[in-house]
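Visitor: So the chains spell out like this:
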Amino acid sequence: MATAAEQWVLVEMVQALYEAPAYHLILEGILILWIIRLLFSKTYKLQERSDLTVKEKEELIEEWQPEPLVPPISKDHPALNYNVVSGPPSHNIVVNGKKCVNFASFNFLGLLDNPRVKAAALASLKKYGVGTCGPRGFYGTFDVHLDLEDRLAKFMKTEEAIIYSYGFATIASAIPAYSKRGDIVFVDRAACFAIQKGLQASRSDIKLFQHNDMADLERLLKEQEMEDQKNPRKARVTRRFIVVEGLYMNTGTICPLPELVKLKYKYKARIFLEESLSFGVLGEHGRGVTEHFGISIDDIDLISANMENSLASIGGFCCGRSFVIDHQRLSGQGYCFSASLPPLLAAAAIEALNIMEENPGIFLVLKEKCARIHKALQGISGLKVVGESLSPAFHLQLTDSTGSRDKDVKLLQEIVNHCMDRSIALTQARYLEKEEKCLPPPRRRTGESRAHDQGGGPGCAALGRVLGPGGRLPRGTRTGLWSLPCDLGEACVYLQGGHRAAWVWTAPNHEEDAGYF
Amino acid sequence: MRPGLGGCCCRRPVRANGCVANGEVRNGYVRSSAAAAAAAAGQIHHVTQNGGLYKRPFNEAFEETPMLVAVLTYVGYGVLTLFGYLRDFLRHWRIEKCHHATERKEQQDFVSLYQDFENFYTRNLYMRIRDNWNRPICSVPGARVDIMERQSHDYNWSFKYTGNIIKGVINMGSYNYLGFARNTGSCQEAAAKVLEEYGVGVCSTRQEIGNLDKHEELEKLVASFLGVEAAMAYGMGFATNSMNIPALVGKGCLILSDELNHASLVLGARLSGATIRIFKHNNMQSLEKLLKDAIVYGQPRTRRPWKKILILVEGIYSMEGSIVRLPEVIALKKKYKAYLYLDEAHSIGALGPTGRGVVDYFGLDPEDVDVMMGTFTKSFGASGGYIGGKKELIDYLRTHSHSAVYATSLSPPVVEQIVTSMKCIMGQDGTTLGKECIQQLAENTRYFRRRLKEMGFIIYGNEDSPVVPLMLYMPAKIGAFGREMLKRNIGVVVVGFPATPIIESRARFCLSAAHTKEILDTALKEIDEVGDLLQLKYSRHRLVPLLDRPFDETTYEETED
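Sequences listed follow chains E and V, in order. According to UniProt numbering, the first sequence is numbered sequentially starting from 1. According to UniProt numbering, the second sequence is numbered sequentially starting from 1.
Pulled out of the complex, with its shape left as it was, chain E reads as follows (with noise of 0.2 Å):
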């Protein structure tokens, strides 16, 4: 019944279809239309289009003004003007025409100027020449390479050693090599620029913990394993990595290895060492901070140092297992895509690790000449060394800062400019002051400039005479200096007691040196 009814109800429909009038039909049907279109076409603009025509792009290429690509800088920029060195830079120094004696460069061991490691290098430049003209992997790679690899792997005592044709590369592409996106760095506070830059170049996950303190490490790598309990799936892809340095180049100290260890197994995070300042210093072989502290090799795992402070020849290397190590030869940016070291400084190096390996005993003079030197460094009024006494870099701050960075370079340049008129080179330490933000160990970023030393003992107490009770240090307000140090200034002087140097102060038989006592 329904649909007969439904039916009648459709006949009817047609039938006043046909009775209706015409202007109602299309109105009707315009309304249809209208409503289709509605449906169909886009939704009203809120506002106009915005594109640019061909005209307005050209106006704006017009007046768009870049800025210079470098900015100005002031004639007096105090990084300007280099000194000028003539002549070698070993023991005595020629700076801008005035001869010192050189307590400015990390010579440490005293072998830039070794007859051995001159000869050495001559021979191999003779067989060689110069430049290698490839990376490793295109013909770049020579038998003294090879050798100087094997030759640091055996001196570390590790199962292989990798080298690179600069110090600073050697770091910033370990580390990349290994840690990636997502991974974990943890790092002090107070790492070099090489090791900030290859955090940057990782691209992982950095957290910074305050220098060489390990409980504040410990906080963080249990904040980490909270975190990674509650997303074991993540925790299971993600490394995790220590990156510390054996003896630190902006602070001098000592990193707390054994405790390093310790917390390496409890929290499975990888250590990576940078020894470019401890290798050829620390230990009773010179094998670094490890040495020092009797760890096994194997707790560490990697170690890299240059060869351009100990060693004095140029490049760097990283050593440990060849599990680790290895990986480098392919994954190692300035490994493989940089030409090698040229063979005649690879020898250089090989000689100077001979004269290490013979002659333990200069491990021993330097270490009891930074002890010397670090006493001796004790009275100097305005001025506080900073560092261990076993370090061969000093860094002398200003007790009193003047309150401004500024003017703390300049006061330090004067210290630097008067001990040079008494014929010891000193210098400030240069730091970028922009960049070394990224990682802002605080107490660097404010005043913190050091003067460096080298050369061993009697520079240092010819310093403590220059700047002694009769120093030119103005009076400051007095902070103290560890407990406010972001207001201080700080000159750093590093010490370098250098094999020549060495006799020179057991047996002052230098003239201008013996003046010094």
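For the record, the hints were derived by calculation from the structure and aren't laboratory data. Fair warning: this is a prediction, and the values are worked out from it, not measured in the lab. C-beta: ideal position from N, C-alpha, C; glycine also. Incorrect hints may appear among the rest.
Here are a few chain V residues that face chain E, going by a calculated C-beta distance under 10 Å [said to hold, decoys possible]:
1) Thr-81
2) Gly-84
3) Asp-109
4) Cys-138
5) Ser-186
6) Ala-191
7) Gly-199
8) Glu-208
9) Pro-327
10) Ala-331
11) His-402
12) Leu-410
13) Glu-416
14) Cys-510
Ranges between beta-carbon positions, derived for each pair [unchecked claim]:
15) V:Leu-72 - E:Arg-236: 38 to 44 Å
16) E:Thr-53 - V:Leu-82: 53 to 59 Å
17) E:Ala-371 - V:Arg-87: 54 to 60 Å
18) V:Val-79 - E:Lys-266: 42 to 48 Å
19) V:Gly-163 - E:Leu-364: 53 to 59 Å
20) E:Arg-236 - V:Gly-185: 56 to 62 Å
21) V:Gly-163 - E:Lys-154: 18 to 24 Å
22) V:Lys-390 - E:Asn-96: 22 to 28 Å
Got chain E sorted already, so can you dock chain V onto it with the hints?
Guide: Here is chain V on its own, set in the frame of chain E:
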């Protein structure tokens, strides 16, 4: 083809023309009618029309990969991958012996140090042909080189040195473009003298106390060599890029980088914190579009205009053998007020009638390039890198370069080698030796490239580029080519993924002024033989041997219309 990308259009060349590889636009090859006619006549001959920007013909070719070869190459990788999985399976169940080093027992429960695929590739593909790389040599890397023979008894997992030396291998791999890798002669003598006086190290940075008089001398010389106001030298070519680009640009700046730029440029760009955009290799249309869009639309999100735009290009691209279209790049950078950073690692010394690199090659003004970067490793037979430019730029770098502040300066004997070789190139040593070397290299390049093309190999790059890539394509042929050539006493460089796109494996020859015609002829004969043996002559174009074209304007006019 994108319409409206500034004046001229980039026509994707038709397959039959063979200007393009892998269907990607390699370049703005605008075929002129003459070239079209030439193509019709079965020649490959590419001519560019650039409104008179070029003073010499710019002939660059990237013949397309034949379809069959491409398919076979993929099949090859497929087979390798299958076998890789099979062998990994066998290794897992200890059926096959594991050679690779493993994690310490104490650290087994640490998160694994490596990603799986990385290792898969190394273990199963690279390891099979590892003997073609890192071949240790024990002589000067000159025209002929002595290679230490090594053997592997465990399928390349470890090598043993037999103690034999393969003497007098023809060296087609070193970047010894001008032949300054020598252990005799003026350079060596000068370097030896400095070595005895200064020692090898410096033990300090430039800003502290490692700025020797030698460095100052070198920098003055480099500046006058390049024809710029000032220059600065650094200890490592790679680091010159990666440590100075961050000093020049930073957040809010834009870097436009060629897709095939060297790893050091890429790293430098990344470290700078600037936004990076990539343009197609040597493709000016792509570059112009990016420049235009960058200026018109500003920074993403903040919509502020960019602070500055830096274009990163290389003089010669070391894997493609192509030369940058510098006249066009300079025109674009002027039009859009961008800055230009030119990496002349491979081109300095090796290009141009006076060896001043790609700027000299095109007869341009060095003033137009904002940052002239290059290395001393290649043509000068030393190591290190430099940056040259306006005095303000160099002053800024002296105060702000990461390298000057934190890295040890150049070794004095190395500096001396650069100084002596550079003076030789400039003719300041009173001989014409440098000039002869430059000419010799140019002749060698033309000759070698032409002969290889005539043999029917697919050769990439510019006809004036001393970097000559010969396409191998298939993974198995990488190893076979390297080994066969060494058997015939020729050392070549072979490259595969990841240095190249996966199917474009190649061998690369680097020509040198030290190569004599006899050496080149011997090498060519052997390459021909190996090419037949391995069926490497993929080119489907009959190349009509061209006359050796001299560097003059007449040929230009001929080819232009």
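Visitor: Are the hints correct? Go through all of them and say.
Guide: Going through the hints against the structure:
Against a cut-off of 10 Å between C-beta atoms, the interface hint on Thr-81 (chain V) is violated, since the closest Cβ of chain E lies about 18 Å away. The interface hint given for Gly-84 (chain V) is violated, since its Cβ lies 16 Å from the closest Cβ of chain E, which is over the 10 Å cut-off. The beta carbon of Asp-109 (chain V) comes within 7 Å of a beta carbon in chain E, closer than 10 Å, and the hint placing it at the interface holds. Against a cut-off of 10 Å between C-beta atoms, the interface hint on Cys-138 (chain V) holds, since the closest Cβ of chain E lies about 4 Å away.
With a least beta-carbon distance of about 12 Å to chain E, the hint placing Ser-186 (chain V) at the interface is violated under the 10 Å criterion. Interface restraint check for Ala-191 (chain V): the shortest CB-CB distance to chain E comes to about 6 Å, inside 10 Å, so the restraint holds. About 5 Å separates the beta-carbon of Gly-199 (chain V) from the nearest beta-carbon of chain E, less than 10 Å, and the hint is met. The interface hint given for Glu-208 (chain V) is met, as the beta carbon of that residue sits about 4 Å from the closest beta carbon of chain E, less than 10 Å.
Taken as an interface hint, Pro-327 (chain V) does not check out: its beta carbon lies about 20 Å from the nearest beta carbon of chain E, beyond 10 Å. About 14 Å separates the beta-carbon of Ala-331 (chain V) from the nearest beta-carbon of chain E, more than 10 Å, and the hint is not met. A cut of 10 Å between beta carbons decides the hint on His-402 (chain V): the least distance to chain E is about 7 Å, and the hint holds. Among the interface hints, the one on Leu-410 (chain V) holds; its C-beta lies about 8 Å from the nearest C-beta in chain E, closer than the 10 Å criterion.
Below 10 Å, beta-carbon pairs count as interface contacts, and Glu-416 (chain V) has one with chain E at about 8 Å; its hint therefore holds. A least Cβ separation of about 8 Å between Cys-510 (chain V) and chain E falls short of the 10 Å threshold, and the interface hint therefore holds. At roughly 39 Å, the beta-carbon separation of Leu-72 (chain V) and Arg-236 (chain E) lies within the given 38 to 44 Å, and the hint holds. Here the CB-CB span from Thr-53 (chain E) to Leu-82 (chain V) is close to 56 Å, well matched to the stated 53 to 59 Å.
In this structure, Ala-371 (chain E) and Arg-87 (chain V) meet the distance hint of 54 to 60 Å, their C-beta atoms being roughly 58 Å apart. Checked against the given bound of 42 to 48 Å, the beta carbons of Val-79 (chain V) and Lys-266 (chain E), roughly 47 Å apart, stay inside it. Between Gly-163 (chain V) and Leu-364 (chain E) the Cβ separation comes to about 40 Å, which falls outside the hinted range of 53 to 59 Å. A beta carbon spacing of about 60 Å between Arg-236 (chain E) and Gly-185 (chain V) agrees with the range 56 to 62 Å that was offered as a hint.
Distance hint check for Gly-163 (chain V) and Lys-154 (chain E): the Cβ-Cβ separation is about 20 Å, which falls inside the suggested range of 18 to 24 Å. Distance hint for Lys-390 (chain V) and Asn-96 (chain E): a CB-CB separation of about 26 Å, consistent with the stated range 22 to 28 Å.
The structure shown violates the earlier hints numbered 1, 2, 5, 9, 10, 19.
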